[in-house]
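Chains as they are written, first to last, in the working numbering: chain X, 1 to 98; chain F, 1 to 262; chain H, 1 to 431.
Calculated from the structure, these hints are not laboratory results. Do not take every clue at face value.
[Stated by the list, open to error] Once the Cα atoms are required to be at most 25 Å apart in a straight line, the calculated DSS-like pairs of lysine-lysine come out as:
{"id": "1", "chain 1": "H", "residue 1": "K400", "chain 2": "F", "residue 2": "K193"}
{"id": "2", "chain 1": "H", "residue 1": "K3", "chain 2": "F", "residue 2": "K197"}
{"id": "3", "chain 1": "H", "residue 1": "K247", "chain 2": "F", "residue 2": "K196"}
{"id": "4", "chain 1": "H", "residue 1": "K3", "chain 2": "F", "residue 2": "K196"}
{"id": "5", "chain 1": "F", "residue 1": "K195", "chain 2": "H", "residue 2": "K131"}
{"id": "6", "chain 1": "H", "residue 1": "K229", "chain 2": "H", "residue 2": "K247"}
{"id": "7", "chain 1": "F", "residue 1": "K2", "chain 2": "F", "residue 2": "K234"}
{"id": "8", "chain 1": "F", "residue 1": "K234", "chain 2": "F", "residue 2": "K244"}
{"id": "9", "chain 1": "H", "residue 1": "K131", "chain 2": "F", "residue 2": "K193"}
{"id": "10", "chain 1": "F", "residue 1": "K195", "chain 2": "H", "residue 2": "K352"}
{"id": "11", "chain 1": "F", "residue 1": "K197", "chain 2": "F", "residue 2": "K106"}
{"id": "12", "chain 1": "F", "residue 1": "K193", "chain 2": "H", "residue 2": "K3"}
{"id": "13", "chain 1": "F", "residue 1": "K197", "chain 2": "H", "residue 2": "K364"}
{"id": "14", "chain 1": "H", "residue 1": "K247", "chain 2": "H", "residue 2": "K412"}
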Amino acid sequence: MSARTLTLDDLLGLDRYEIDEEQSHIQVDQSRCQRCQLQPCLTVCPAAVYVVTEGEVTARYENCLECGTCQIACDSGGAGGITWRPPRGGFGIAFRYG
Amino acid sequence: MKIVACIKYSLTLSELKVDPATRELRLATTPQRVGTIDRNVLEAAVVLKPEGSTVHGLTLAPAGAREAFREAIAMGLDDLTIVDSTNWAAGGPMATAAVLAAAIQKMGDVDLVVCGEASDDGVTYQVPPRLAERLGWPLLAYARNIALAGATLTADRDLDIGMQSVACDLPLVLTVTQETNTPRRPTLMDAVKAKKKPVVVWQPEADLGLSAEALQAAGGVTRIAQEGIVIARKEQLFQGDDMKALANQLLDALLAEHVVAE
Amino acid sequence: MEKFDAIVVGAGPAGATAAYLLAKAGMQVIVIERGETPGSKNVSGALLFSQVYSEIFPKFWESAPLERAIVGHAITFLGEQTSVNLDYRDLDEGHVPHNAYSVLRARFDPWMAQQAEDAGAMLMPGFTVDKLLQENGRVVGIEAGGDALMADVVVVAEGTRSGLLKEAGLRTDEYHASDVSIGVKDVIALPEDVITNRFQCLNADEGVAYTCVGHTGGVEGGGFLYTNKDTLSVGVVAKIDAVYKSKLQPHAILNEFKAHPFISRLIAGGEIVEYSAQAIHRGGVHLIGQLYGDGYVVVGSAARLLLNNVMTLRGMDVAVASAAAAAKAILAAREMGDYSHTALAGYEQNFKATNVYKDMVTFKDTYPLLENERLFHVYPELAGAVLGDMFTVGAKPSKKGLKALRDDMRGKVSLWQMLMDMNQIGKGLVR
Ligand SMILES: Cc1cc2nc3c(=O)[nH]c(=O)nc-3n(C[C@H](O)[C@H](O)[C@H](O)COP(=O)(O)OP(=O)(O)OC[C@H]3O[C@@H](n4cnc5c(N)ncnc54)[C@H](O)[C@@H]3O)c2cc1C
Ligand code: SF4
Ligand code: SF4
Chain X
1 MSARTLTLDD LLGLDRYEID EEQSHIQVDQ SRCQRCQLQP CLTVCPAAVY
51 VVTEGEVTAR YENCLECGTC QIACDSGGAG GITWRPPRGG FGIAFRYG
Chain F
1 MKIVACIKYS LTLSELKVDP ATRELRLATT PQRVGTIDRN VLEAAVVLKP
51 EGSTVHGLTL APAGAREAFR EAIAMGLDDL TIVDSTNWAA GGPMATAAVL
101 AAAIQKMGDV DLVVCGEASD DGVTYQVPPR LAERLGWPLL AYARNIALAG
151 ATLTADRDLD IGMQSVACDL PLVLTVTQET NTPRRPTLMD AVKAKKKPVV
201 VWQPEADLGL SAEALQAAGG VTRIAQEGIV IARKEQLFQG DDMKALANQL
251 LDALLAEHVV AE
Chain H
1 MEKFDAIVVG AGPAGATAAY LLAKAGMQVI VIERGETPGS KNVSGALLFS
51 QVYSEIFPKF WESAPLERAI VGHAITFLGE QTSVNLDYRD LDEGHVPHNA
101 YSVLRARFDP WMAQQAEDAG AMLMPGFTVD KLLQENGRVV GIEAGGDALM
151 ADVVVVAEGT RSGLLKEAGL RTDEYHASDV SIGVKDVIAL PEDVITNRFQ
201 CLNADEGVAY TCVGHTGGVE GGGFLYTNKD TLSVGVVAKI DAVYKSKLQP
251 HAILNEFKAH PFISRLIAGG EIVEYSAQAI HRGGVHLIGQ LYGDGYVVVG
301 SAARLLLNNV MTLRGMDVAV ASAAAAAKAI LAAREMGDYS HTALAGYEQN
351 FKATNVYKDM VTFKDTYPLL ENERLFHVYP ELAGAVLGDM FTVGAKPSKK
401 GLKALRDDMR GKVSLWQMLM DMNQIGKGLV R
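This is chain X alone, in the form it adopts within the complex (with noise of 0.2 Å):
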């Protein structure tokens, strides 16, 4: 086949992020997570953002690609323990062609 298929962390590495090493951009209220039954934060993020480490939700905010799902889906299919802000003017993802 043609355009081989990629992992999620090669596809991630293709595209050009500016870090922003001194704060997240992200915030997970753990209390929410844990009444929260279907957790769709970990389906629907393009980018795996959202992982469970050790019983808690926690964000790889420095993958994420601003798409704004993830704020949606755990609004109204999760329990409200997502607040996404736009990361610092500058930081973040920084498409080529996008």
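Since chain X is already given, all that's left is putting chains F and H with the ligands on it; use the hints.
Relative to the frame of chain X, chains F and H with the ligands by itself:
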């Protein structure tokens, strides 16, 4: 006091790609921006600036790139001078130093020139010393802990063997490293104010009297050959069912290649 | 404190258009964009439909960085191992502008912002607006990184991820996961001439667009493949709630789509050069968000303005039209020296008078279609099966179309159900 910060419109190294077919760097399609080290230059110049002084940006860049300098200006420059490199084929640190020196002389009454130790993309370490030479000023390279008292500058020089504390009278050329300081992030208000700061464009020939020939002569670099590095894969495949025999074959091959020693 | 006549938040199509028109009319305008350059945060398909653009930016096709003129549109139904294509080609070569052009946002948006700057607007990329400033319930300015800027009117052009209004307590209508889709996309590099030949174009200025239904992991959504100069934009758009119910991650859905033999042949030999994603509201006349209030207007997809009729997804031109309608209202408000919500109400009237709005009304019955699951997994398969039966000369006796259809439908969808669906399609798209 008049401080000049020399900054470079550099290739974004993380975006630099090699053309697999020709082995040439894809320079034309690599985006450019004010370099990382140049932010340290600007920070140093702005921090040093005594009351009542001015800091002027100076760059040799295509005039069309002026928008790329917005953030640099917002860091605290009073103005920016671009010596237009649009129609300028000559390259190399010697020619660059010649242009910068001529511009600094034209600006007049400059007390201090701040440069990066080396540019992000060229990394020759040559421009500042050549510039100092042309200006006839001392060079104070790899400076940290910089302080200015009247017309004397003190700093620690970050050398491989240790720190060297020096004091030197102005005028001089100073170079900074990425460790010298932490560049500021301009605020929105800084950026709004920067919009009103003048950007002057000088032509090398018309404004600085540097003809293309003169620059070519100053440039003096001739490319002789480009080899590139090619690593040919051996692509040897050992196949069979006898594991022991295969292992021996592999070992022999590695020995033959001097990958492992007997 | 700095004061402007207008502050525009966001330099997408909506923000850039508003800034351009307001600055052109002599207003002091500042555009604040969070990307380091305009477009660096933005993802679309993207097809740019010319009509509205040419009204605001005459002859835009002469200077804008367009990829290819879209001379062919195809709707493709993807069954497991089949594809049925409804292929439309505009064979009249000469006319400009073409109906649509493919664009890449990171390249196109800077051009739009430049139009605004050339008209006198001040562009400030690299700053995120953190909040709207209010005084007595009126929006009076913005705050970004601790700095405040004031203005007579604020144009909210933040796009789908708009959060400022909500934060300011000015928006009460929440998004629902069923109203929003996620778009994921690969940009795939291929030599210019390979694209030209593979898609049967005359030259590198011509291109085609495929809108595909089916083979998206059973998730309600669709795929697309658009030709750019030397890249292809290949993506899927899938409803967010359907995605999390399916437990299929978006990139997996995209991979499934790309693995379909119809698509994999079109992208063969290509190299992925970017992976991107963006949420997209489904739009529709019944879901238009709030458009204005005291001291502010909301334009483009921040106001959920979008037109999706299955065949075409229009957001950029809708954004431009709404921004133009808003700019007109702001200029009228300036005449009156009053930027209250009553003064800005003209925006809604202006927008309702546009053809874009009329199109939104025309296609209002299309939306139930997007909810119809059978459209995404039953019919694409069925279309391939029926045509397969009709074209294939095999061991069994051949069937006529209707008989083939009845046989292939068995167990998948009832005749009654299909007639209902046909009616829905007819109502949505044809009648
Ligand atoms: C996958 C996909 C495919 C699409 N395909 C098409 C297509 O083919 N044709 C078409 O016409 N439309 C298409 N659309 C729709 C189109 O992308 C949008 O409708 C359009 O971009 C809306 O324009 P806008 O200016 O309102 O918002 P946007 O283009 O989203 O622009 C908003 C801008 O605001 C900036 N911003 C946001 N918040 C802040 C803040 N707080 N401070 C400062 N800046 C901020 C953003 O960085 C951005 O530049 C597609 C959308 C998606 C997701
Ligand atoms: S969807 Fe929201 S609430 Fe649920 S686990 Fe994820 S972050 Fe937590
Ligand atoms: S914005 Fe998109 S990419 Fe970023 S974390 Fe949310 S879902 Fe993932």
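Hints, one by one, checked against the model:
{"no.": "1", "hint": "K400(H) with K193(F)", "verdict": "violated (76 Å)"}
{"no.": "2", "hint": "K3(H) with K197(F)", "verdict": "holds (18 Å)"}
{"no.": "3", "hint": "K247(H) with K196(F)", "verdict": "violated (53 Å)"}
{"no.": "4", "hint": "K3(H) with K196(F)", "verdict": "holds (15 Å)"}
{"no.": "5", "hint": "K195(F) with K131(H)", "verdict": "holds (23 Å)"}
{"no.": "6", "hint": "K229(H) with K247(H)", "verdict": "violated (35 Å)"}
{"no.": "7", "hint": "K2(F) with K234(F)", "verdict": "violated (61 Å)"}
{"no.": "8", "hint": "K234(F) with K244(F)", "verdict": "holds (22 Å)"}
{"no.": "9", "hint": "K131(H) with K193(F)", "verdict": "holds (21 Å)"}
{"no.": "10", "hint": "K195(F) with K352(H)", "verdict": "violated (38 Å)"}
{"no.": "11", "hint": "K197(F) with K106(F)", "verdict": "holds (20 Å)"}
{"no.": "12", "hint": "K193(F) with K3(H)", "verdict": "holds (12 Å)"}
{"no.": "13", "hint": "K197(F) with K364(H)", "verdict": "violated (51 Å)"}
{"no.": "14", "hint": "K247(H) with K412(H)", "verdict": "holds (23 Å)"}
Hints 1, 3, 6, 7, 10 and 13 from the list above are not met by this structure, while the remaining hints are.
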